[in-house]
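Based on the provided sequences and hints, a complete structural model is requested.
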Amino acid sequence: MNPRMMLATTVRVLEQLRHDHRSVALILVVPALLLAVVYFLFENETLPPGAPRTFDRVGLTMLAIFPFVVMFLVTSVTMLRERTSGTLERLLTTPLHKADLLFGYAAAFSIMAALQSIVATAVAYWIFGLEIQGAAGLVVMIAVLNGVLGVALGLLCSAFARTEFQAVQFMPVVVVPQILLCGLFVAREQMNGFLEAVSDVLPLTFSVDALQEIAANADATTALWQDAGIMAAFVVGVLVLASLTLRRQTS
Amino acid sequence: MSHAADNSAVPRGGDAAPAPAASAAVEAVALHVSRGRTRILRGVDFTIKRGRVTGLLGPSGSGKTTLMRTIVGVQRITGGSLRVLGRPAGERSLRHDVGYVTQAPSVYGDLSVDANVRYFGAMHGATAADTAEAIAAVGLGPFAGQKTADLSGGQSSRVSLACALVAHPQLLLLDEPTVGLDPVLRAELWQRFAAMAEAGTTLLVSGHVMEEASHCSSLLLLRDGLLLAQLTPGELAERGRSSDLERAFLRIIEEGTAGPDPGPAAQRGAPR
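Chains as they are written, first to last, in this note's numbering: chain A, 3 to 253; chain B, 11 to 282.
Treat the hints loosely; a few may be bogus.
Chain B is nowhere near these chain A residues, computed Cβ spacing over 10 angstroms in every case [as the list claims (entries may be wrong)]:
hint	residue
1	V32
2	F44
3	L93
4	Y127
5	Q228
6	R250
Now the stretches of chain A that chain B is said to cover, found in silico as 3 or more residues with beta-carbon under 8 angstroms [what the hints assert, rightly or not]:
hint	stretch
7	24-30
8	84-92
9	96-110
Simulated from the structure, these hints should not be mistaken for lab results. If you're wondering where the values come from, they're calculated on a predicted model, not measured in any experiment. The C-beta atom is built at its ideal place from N, Cα and C for all residues, glycine as well.
Below is the structure:
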């Protein structure tokens, strides 16, 4: 690892994004708009007195899912471009270490994930009156972890795609099952044994679990830190796998 | 000799190579390279001298690009040996010393010229002055702030060249660097290559524009993965019985039509 090369990579990726105003706008604004849709979807629900609104549960989970999905897509397409344009092969002929490249990418997109989730969380709290016990900062932290997870999976999946079209097709394969099984639609305890077992090992499950911990407790709990730790371990593991797909030599 | 993991401290252009190899930048002995099941290079021997411009000529599909990729170290060798700057090809420490400019410009279209050169320079600890110098060297000074994708084809291939120059490599490999350039720019580039060689850089330039062969001090003629000959432009004219290098080259290529596989011993034989 060389901090100078990693930082140069982070700056370069952010600079590429900066030229792409439309993408930046989409990254920052779309989650807030979708939150509004979720809010108005449940606007007229009738609740027994004292019961929490559905928005408080679904909206909160959405805060974690946005950065995951968006960063997965952005990263896999950007990395695929890097592979097809020849810049990746060129970079690998320089002293750049693979980890500098991957962590440089991860750092750049986690900055974007942080900005995105700050905007979305602010909108959820201040405009739609999201009510949970825990601190908003913890929600943002989990959202950023999810964003980094999306980056790591995107870097890995880009190795298995030849075109941008294929890269996008990985979303239904990698992302959608995690959303279905994370506990957003059906509580995990109510799933059949097989699906529950699968959901037990999917990384997104841990973030939903963590968010529920934040929602139910005013202070950070041990379970929350455990979930966050497991997600961080997933991220590192996937990044290591991704680095194995970067080969300096072709045979 | 094993090199320290971090060679950023080693001065560029330093003579890290052992004395016997000091005169040879690249030394190939019975070099075989296959990609998948296809045999691309089938037993090639040659030596590239330091501080010279060497031309790599041959019809398309003859293995020029594969040979360059092998010297850079991104293509695995299947047989024989290849030493680059006195070290085995692909060795880690060579990444500081060998520059490679691919045929298609490999730069970031969505970045400015300056940002591209700065980024690749960062891998070699280049300063802002190095970046500006490399951009000026390819005549893109006035375009430094422009997005690379907005430039013409010839301009973006010069951005790609600048991204290699910024590292001050000891050995620079250029895959058809003058394709798509107008005659004035082409002449300027060749002047620059000559000046770089003068200053001690070794250059290997591939191409099939024969008028450019005259700028090289040595030529490698490649055909079907075999080395037809290594000679000077003068010898090429003589052997091809024409002062027009294009014609001389064609004649040698045609007469050099060997059997399907003459074996490693035969490929050096000069065609009569």
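| request: Please write out, lowest number first, the hints stated earlier that are contradicted by the structure. | output: The structure conflicts with hints 3, 6 and 7, although it agrees with all the remaining ones.
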